[in-house]
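Asks: Whole structure, please, built from the sequences with the hints as guidance.
Protein chains in written order, with the working numbering: chain A, 1 to 420; chain B, 1 to 282.
Hint data in this document are derived by calculation from the structure and do not stem from the laboratory. Beta carbons are placed, not taken as given, at the ideal position from N, Cα and C, and that holds for glycine. Among the hints, a few may not be true.
To be verified - In silico DSS-like pairs for lysine-lysine, Cα to Cα no more than 27 Å straight-line:
no. : chain 1 : residue 1 : chain 2 : residue 2
1   : A       : 372       : A       : 330
2   : A       : 223       : A       : 118
3   : A       : 118       : A       : 101
4   : A       : 223       : B       : 68
5   : B       : 68        : A       : 372
Said to hold, decoys possible - Partial selection, computed: residues in chain B whose CB lies under 7 Å from chain A:
no. : residue
6   : 123
7   : 234
8   : 241
9   : 252
10  : 256
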Amino acid sequence: MIMRKLPAAAAACGLLALLACGLLPPTAAADEPTAQPAPKVELVLDVSGSMRARDIDGQSRMSAAKQAFDDVLDSTPPDVQLGIRTLGADYPGNDRKTGCKDTRRLYPVGPLNRTEAKAAVATLAPTGWTPIGPALRAAADDLKGGDGTRRMVLITDGEDTCGPTNPCDVARDIAAQGIHLVIDTLGLIPDATTRNQLSCIAGATGGTYTTVQHRQQLTSKVKQLVGRSDEHTVTPVATQGAAACDTAPELRQGLYTDRETFSENRWYRVQVPPGQELRAAVTVSDDRAVNAGYGVLLRGVTVHGREIVRDDEGGSGRTDAVSAGIRYPKPAADSGTPPETVCLQVGNSFSAPASVKTTPGLPVELSIDLVKSPDKPSDVAFFGLGRGWWLLGLLTVTGGVAGLLSGWIARWRLNTGRTV
Amino acid sequence: MRTPKLLTAAGLLAATGLAGLAVLAPVARADDPGTATPTTPGASASASASDAPPTEAGTNFRTATPVKQGQQATASASAGDYLYWTFPADTGQNVTVKATVSFPSGAVRHGPSTWQIDVYDGLRRRQACRYGMQTRTAAADVTTVELACTLRTVRAWAEPWANDPLRGAYYLRLAVLDLPQTDLGLPVQAAVTATAHGTAGETAVDGSVAPVVTANGPDLAPDGGWAGTWWSPRWLWTGGGGLLAVLAALGAHRLARGPVRLSAPRYSGEPVRPREPAGYSG
Numbered sequence: 001m002i003m004r005k006l007p008a009a010a011a012a013c014g015l016l017a018l019l020a021c022g023l024l025p026p027t028a029a030a031d032e033p034t035a036q037p038a039p040k041v042e043l044v045l046d047v048s049g050s051m052r053a054r055d056i057d058g059q060s061r062m063s064a065a066k067q068a069f070d071d072v073l074d075s076t077p078p079d080v081q082l083g084i085r086t087l088g089a090d091y092p093g094n095d096r097k098t099g100c101k102d103t104r105r106l107y108p109v110g111p112l113n114r115t116e117a118k119a120a121v122a123t124l125a126p127t128g129w130t131p132i133g134p135a136l137r138a139a140a141d142d143l144k145g146g147d148g149t150r151r152m153v154l155i156t157d158g159e160d161t162c163g164p165t166n167p168c169d170v171a172r173d174i175a176a177q178g179i180h181l182v183i184d185t186l187g188l189i190p191d192a193t194t195r196n197q198l199s200c201i202a203g204a205t206g207g208t209y210t211t212v213q214h215r216q217q218l219t220s221k222v223k224q225l226v227g228r229s230d231e232h233t234v235t236p237v238a239t240q241g242a243a244a245c246d247t248a249p250e251l252r253q254g255l256y257t258d259r260e261t262f263s264e265n266r267w268y269r270v271q272v273p274p275g276q277e278l279r280a281a282v283t284v285s286d287d288r289a290v291n292a293g294y295g296v297l298l299r300g301v302t303v304h305g306r307e308i309v310r311d312d313e314g315g316s317g318r319t320d321a322v323s324a325g326i327r328y329p330k331p332a333a334d335s336g337t338p339p340e341t342v343c344l345q346v347g348n349s350f351s352a353p354a355s356v357k358t359t360p361g362l363p364v365e366l367s368i369d370l371v372k373s374p375d376k377p378s379d380v381a382f383f384g385l386g387r388g389w390w391l392l393g394l395l396t397v398t399g400g401v402a403g404l405l406s407g408w409i410a411r412w413r414l415n416t417g418r419t420v
Numbered sequence: 001m002r003t004p005k006l007l008t009a010a011g012l013l014a015a016t017g018l019a020g021l022a023v024l025a026p027v028a029r030a031d032d033p034g035t036a037t038p039t040t041p042g043a044s045a046s047a048s049a050s051d052a053p054p055t056e057a058g059t060n061f062r063t064a065t066p067v068k069q070g071q072q073a074t075a076s077a078s079a080g081d082y083l084y085w086t087f088p089a090d091t092g093q094n095v096t097v098k099a100t101v102s103f104p105s106g107a108v109r110h111g112p113s114t115w116q117i118d119v120y121d122g123l124r125r126r127q128a129c130r131y132g133m134q135t136r137t138a139a140a141d142v143t144t145v146e147l148a149c150t151l152r153t154v155r156a157w158a159e160p161w162a163n164d165p166l167r168g169a170y171y172l173r174l175a176v177l178d179l180p181q182t183d184l185g186l187p188v189q190a191a192v193t194a195t196a197h198g199t200a201g202e203t204a205v206d207g208s209v210a211p212v213v214t215a216n217g218p219d220l221a222p223d224g225g226w227a228g229t230w231w232s233p234r235w236l237w238t239g240g241g242g243l244l245a246v247l248a249a250l251g252a253h254r255l256a257r258g259p260v261r262l263s264a265p266r267y268s269g270e271p272v273r274p275r276e277p278a279g280y281s282g
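Replies: Set out below in structure tokens:
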């Protein structure tokens, strides 16, 4: 009897284990981003007199740029709205004031007509000054409107000598307008000043800086940058954190941007319903020269000021961003329980040399997620399976004891003449 | 009688165990990142294009390029760029991230540059590397730099106050930490791979957490979904333990019951009449 029951019991155990495996919680499906608005790109080309220099694969910088533009126009993704702006294309004179206003919209940002755009590029001849700052401002205006991503590709061979504003500050101001504009810069055989200026412009807007030495490299890089505008990502929503929790803006699930000056703390509020887990991640980017040694703090605090959870991250040396994240599972409760207000404190301990402007503040990206998640660990690890010699020993001893008992019972029954 | 019964019992047990293993094995293989991604012949062009390894990298957390485990993602970039990728990692995996930075022969570099990979979890918290050269300095004349980072085992559950790695999205950032200003913007090629090895058996913990993948980014999941690792040596330990228990029970049972004479006519025929004692008469 006992022997016949044992295999059945073992089989039942196996079945149970398999069932347990099959009944794992299904994957939580995230919302797919729906139809994306058209991304906008503007190519800003330096047509100053120095573009005549013949030092790119034996060609002049200008002809290399023209050939690159031809290739890029041919391979632009169909849904990208592309425009072209020139700087220094029209005024050949020596008057600094006039030369420094010389920027022109060559082809408007919109659906691309390749023939027209190529014809417009073909007319260009190296002429005047290098007014990068005004060109950036004008290009930012060209890209206004719409909800798509905005990207600017600046191709130049010299630094802005117009002054008085540094084009890098101009770029930072544009980025701080909350239009999510990224400026990528390409330097054609630049010197140290140009390199510093262009990498500063790129760093201020989250773009990239590239030194171009060959025509092929120029073409592929511009193509790559134009292609990047076609990335389908969530567009963040601009918000403004408050100095205290009670006046803080309320955030829902989503992606937010804000600006925070050096060593500032900002507060936000999130409603966390019972049974859901708050997941918050914050990234503070350093878009200008900062001192080595910095940090970011993210705290979750109750409305009464009790700290629930915190995370901080520090670092030193070159970086683009520092980020921290917290999660807070709110235990499940009765259906009538109201959501809990959690205050989020975002602080940074960046500092900068005195020569660096502190306004506008550093870009802050805040990602808020509210997901359904268990808040308590279950009792079993790995389907309740065990491992190790102690387990084997225990099972063997248990089996042995059970066998002895059943054997004695069987013997007693035999001796007393019982048959069942 | 007893011997066939015992054999049947053992055989049934073994069959159950084998069947269990046969069901589990394919799942375990699907989790194995080393195997190539299956391609169906009828798959559309767009589907096969999305299965191809990415040739671009993102430039921040928001635009990080999704890459599958085991795929080699490549990107051409400029020295000074920050390159971001994101990949899913499931419970029990020991993830190793490898990155190779190669410098094209055309560009002349003026000094040594220091490269680093950083891995962040789905909450953008920086994760520690158990081993692997996370940071390396390349002399001006070398053509490639190899970086590696092995994360802690991805856990099923952790306290909210801990920054233990949980299943979900992971971000990989490749950046140059230090380089001569004159080398800023020079072209570089980057290639990264994230692979996983090991099983959850030894380090399995209680509980579970919904995958830490933000809804504000690409919807990441392993090829087989967030199934967790099903295979573990724990199946063998526990199954073997059960088998040992059965054997011990059978042995002990027999020992305690003692021998049973099956040929004994105890239960058969008419009862034996007691013999009369000798010497008794009249």
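Asks: Does each hint fit the structure? Answer for all of them.
Replies: Status of the hints after comparison with the structure:
1. In summary, the hint linking residue 372 of chain A to residue 330 of chain A is supported, as the alpha carbons are separated by about 10 Å, within the 27 Å threshold.
2. Pair hint residue 223 of chain A plus residue 118 of chain A holds up; C-alpha atoms about 15 Å apart against a cutoff of 27 Å.
3. Note on residue 118 of chain A and residue 101 of chain A: the hinted pairing holds, with a Cα-Cα distance of about 25 Å set against a maximum of 27 Å.
4. Distance restraint check for residue 223 of chain A and residue 68 of chain B: the Cα-Cα separation of roughly 25 Å lies within the 27 Å cut-off, and the hinted pair is therefore satisfied.
5. About 25 Å separates the Cα atoms of residue 68 of chain B and residue 372 of chain A, which keeps this hinted pair within 27 Å; it holds.
6. The beta carbon of residue 123 of chain B is positioned within 7 Å of a beta carbon in chain A (closest approach about 3 Å), and the interface hint is therefore held.
7. Given the 7 Å rule on beta carbons, the hint for residue 234 of chain B holds: about 4 Å separates it from the nearest Cβ of chain A.
8. The closest approach between the C-beta of residue 241 of chain B and any C-beta of chain A is roughly 4 Å, which is under the 7 Å cut-off, so the hint is satisfied.
9. Of the supplied interface hints, the one on residue 252 of chain B holds, with its beta-carbon coming within about 3 Å of a beta-carbon of chain A, less than 7 Å.
10. Look at residue 256 of chain B: its Cβ gets to within about 3 Å of chain A, closer than 7 Å, so that hint holds up.
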